[in-house]
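Visitor: Just so you know, the sequences run in chain order E and Y.
Heads up: the first sequence is residues 1 to 614, going by full-length UniProt numbering.
Heads up: the second sequence is residues 1 to 458, going by full-length UniProt numbering.
Hint data in this document are derived by calculation from the structure and do not stem from the laboratory.
These figures come from a predicted structure and were not determined experimentally.
C-beta: ideal position from N, C-alpha, C; glycine also.
Incorrect hints may appear among the rest.
Quick list of the computed label-pair ranges, beta carbon to beta carbon [as the list claims (entries may be wrong)]: (1) E:Glu276 with Y:Ser215: 50 to 60 Å; (2) Y:Lys329 with E:Glu380: 46 to 56 Å; (3) E:Glu179 with Y:Ala323: 43 to 53 Å; (4) Y:Lys329 with E:Tyr194: 17 to 27 Å; (5) Y:Glu308 with E:Val388: 48 to 58 Å; (6) E:Val388 with Y:Ala323: 55 to 65 Å; (7) E:Met198 with Y:Glu308: 22 to 32 Å; (8) E:Lys246 with Y:Asp175: 38 to 48 Å; (9) Y:Arg154 with E:Arg250: 51 to 61 Å; (10) E:Lys398 with Y:Leu372: 46 to 56 Å; (11) E:Arg190 with Y:Asp175: 35 to 45 Å; (12) E:Leu404 with Y:Glu308: 35 to 45 Å; (13) E:Lys246 with Y:Lys86: 49 to 59 Å.
Spelled out, the chains give:
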Amino acid sequence: MGDWMTVTDPALSSESKITSQYTSETKMSPSSLYSQQVLCSSIPLSKNVHSFFSAFCTEENIEQSISYLDQELTTFGFPSLYEDSKGKETKRGLNVVAVLNCMNELLILQRKNLLAQENVETQNLKLGSDMGHLQNCYAKLKEQLETSRREMSGLQERDRQLQCKNRNLHQLLKNEKDEVQKLQNIIASRATQYNHDMKRKEREYNKLKERLHQLVMNKKDKKIAMEILNYVGRADGKRGSWRTDKTEARNEDEMYTILLSDYEYRQKQILMENAELKKVLQQMKKEMISLLSPQKQRPRERTDDNTGTALSDVEEDAGEMNRESIWDLSCETVREQLTNSIRKQWRILKSHVEKLDNQVSKVHLEGVNDEDVISRQDHEQETEKLEVEIQQCKEMIKTQQQLLQQQLATACDDDTSSLLRDCYLLEEKERLKEEWSLLKEQKKNFEKERRSFIEAAIRLGLERKAFEEERAIWLKQQFLSMTNFDLQNSENVKLFSAFSGSSDRDNHTVHSRPRARKPHSVANGSPNCTSKLTKSLPASPSTSDFCQTRSCVSEHSSINILNITPEETKPNQVGRECTNLKWSVASRPASQEGCYNGRSLTYANSHIHKDNLP
Amino acid sequence: MNFSEVFKLSGLLCKFSPNGKYLASCVQYRLVVRDVHTLQIVQLYTCLDQIQHAEWSADSLFILCAMYKRGLVQVWSLEQPEWHCKIDEGSAGLVASCWSPDGRHILNTTEFHLRITVWSLCTKSVSYIKYPKACQQGISFTRDGRYMALAERRDCRDHVSVFVCSDWQLLRHFDTDTQDLAGLEWAPNGCVLAVWDSCLEYKILLYSLDGRLLSTYCAYEWSLGIKSVDWSPSSQFLAIGSYDGKVRILNHVTWKMITEFGHLATINNPKIVVYKEAEKSSRLALGYNSFPQLRAIGTLPSAESKYEIASMPVSLQILKPVADRANPKIGVGTMAFSSDNYFLATKNDNVPNAVWIWDVQKMRLFVVLEQLSPVRSFQWDPQQPRLAICTGSSKVYLWSPAGCVSVQVPGEGDFQVLSLCWHLNGDSIALLSKDHFCLCFLETEGVRTTFGQLGDHT
């Protein structure tokens, strides 16, 4: 601020500036108080200001107040309130302009300040609300923290409890294990004890038995006897033999022979089984070889080492097999080779089969892609979808039925029905209007077309006239030149004209279209076919009608042609000629059309007249 | 299917003679021998007391009748009705009596298993065998009748003695590694002896005829073990039924287990056919034409039954065993191979109403028959794979691979079939009730058609 003051107020001496600053700070003037108050509270200011000022300046202290204000203002960088004086001694007068300027500036400042203050206030409010929000957030978060802390502690507690439980369970398990061990031990000991007891008891029992035996048997019990009428012969008819070593040996021999025969029988069975198995094995081997040999070339070409060597083994094995068949049953010598070869072949076969499997799976996959074979999942999904659709459809049908029923129920309600009918009519009306506008448009188009056609026809008529005139002129010239020669030439001319006429007639049906406009009124059957074509044409309702009329016309015209008398051919011919000339018309300059306008009407009149003749 | 008239019977003692010609039946103290075809009484013998055991000799010439209470055995000859023989065991008592395979010796076991007395009908000689073991099945003869294996107990150890039956010479004597031997049985080929421990321990030992230990098999420990053992007629398989409700099949080459058949109470395999016996209303029965003979006989008893093929899954009725009693009703207690080796019929004691029939060729369960009441006994036809079952009701049930039928036994009153036995040639069955017996004749053709019709109906 000091700098600013020096810039704006260069006139002030540094001395006075210092003093003024000094004074402003030292003397606690009412204004300074006020300024302080401003800083403190802004709202009650407006009222205070007035009362303050009223107290500040009185009749007596005007001078002082002014000087004070001057001082204050100068310190704040405003221009001095006093007029510039040349001398120090002379009393300076109050510069009203400066005062006013100052006032204005002060007011501006005040306004600015107020604005700023407002901004600050709003900002303050905003900040306050932010603050509140943040405080809320803070509180919430704090709460969350608290709850999570509580949860955590709860979980920790649970964890602790679980661990405790686990420990207990472990302990229990251990106890159980111990128990089991103990019980097992007990069982074992009991078992041994039981066995021991049993043995003891059994010994006692045996002793008793022995004693009983002695008692019973040694008594020479007379009762123990067999009463028999007579002894019967042995089943085999032989006499009983004495027990001797011989018989013992014989029994042994017999036993061994029985055992031997049993073993022999078993061996035979096993041999037979073996032979059969061998047969099967060899057959399998043969089949394997035959199966694998056609494949021999391909793997070799591929230079697959494993299969290559294995296949060479196969060949060896084939030779081996022959040898084997010679040895037949002496299996032991070739067992190892046999098993090895079988294993190898098996490996080959396995790899081959795996390859085939892979191929098959590939083919299958491709097949799935190519033939669009629906996989089961897709199928199921589809069916599900369809089912859902069916469901929806059913629902829709149901709702429709419901609606229908509702409608039927409400049909007797006249008001609503009439309302509905009205709606319906309105709709119809709108639609009709639309159609009507469409038709109008079409009509306009038709009119346009007709107009253009009429114009073209007029043009053609004019051209024909011109052409006829030309021909007449030409003929006249010819005639004039011919008069000098014989009559034969004149006949030629006639022939020529006839020829041209016939050619025109051929073209007539083809080119009937341009002519169609003229007899249109005739076709419509309107009685007042006036000479004015423009009137009759707008009546055509639609294009289809137009077409019909056209075809009628073509017929009509052809009939006309048939009935045409030689006298009448001329104008008709002219009409036809004009159609032929249509192309040439287009190429002609438009300026010519205007001069023929007068004639076109006459032509049209004459033509219509002629059409009506039949 | 025809039924004979009903004859009196006591003690379920009714036996076909081994040659198939005669039928011996006991009524109190009388022994009646009938011709199998005519059912005419051929001989009638009167014993001294109520007969408790009767047995044909192997040559069908003699019948022994044992009266254990009196310690008496009486032997009758079919050829010489006047011939008689009485063996008195005196104060030693008698608990078992049987023929030796030659039909000329009788083996009597005295009380307390003090000894076995071998009485000869040819000579005066009497032999004693000491220390026989008191067990389920302590004596076993080979099928050819040459050898006898006997379980013995000496010095608190189990032993097996192999005797030559012709002269009762001890051929082999060896101790077995068993805690408490429970039974022994020769393989049908007579070369292998299976010896098994008591139910406290699962252990089975296989000995050769010459006393060599061939193999030992133990499926598990610390649990109740073997309950029943049966050889297949070809000696190829040994089926072991145990208290865990499984049958384990051992092979005859390595004596290792081939497979085990678990008797699960729920069956959920479409390959297995479960025939369920169902009550049939009498009205339905009138329109049921499969047993014309039955109807021809006349009065149809009220509760007929038929078999229905149950739809999977099937859960069979389980009996909860009483845990604190001895001999709990669990485990496979009865097994029988069919005569042609193709099937094995088993019964699990805690599913008392069902008979499982296993396909031995494919080693899998084939058919389950669930009856309305607990199965009392079943026996295979000696000639073809055909199983007869009785459940203590008045019906006899027949199963063959073609199907199964339930046949009502006709007659007044309730004929509760408690046991049955096939005739040798498989064309008749003796059906035994508590007081009566009758014969059921199966014409092979008739039975076939019956089965066929059953197949149509089920």
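Visitor: Checked against the structure, which of the hints given earlier come out wrong?
Guide: 1, 3, 5, 7, 8, 9, 11, 12, 13
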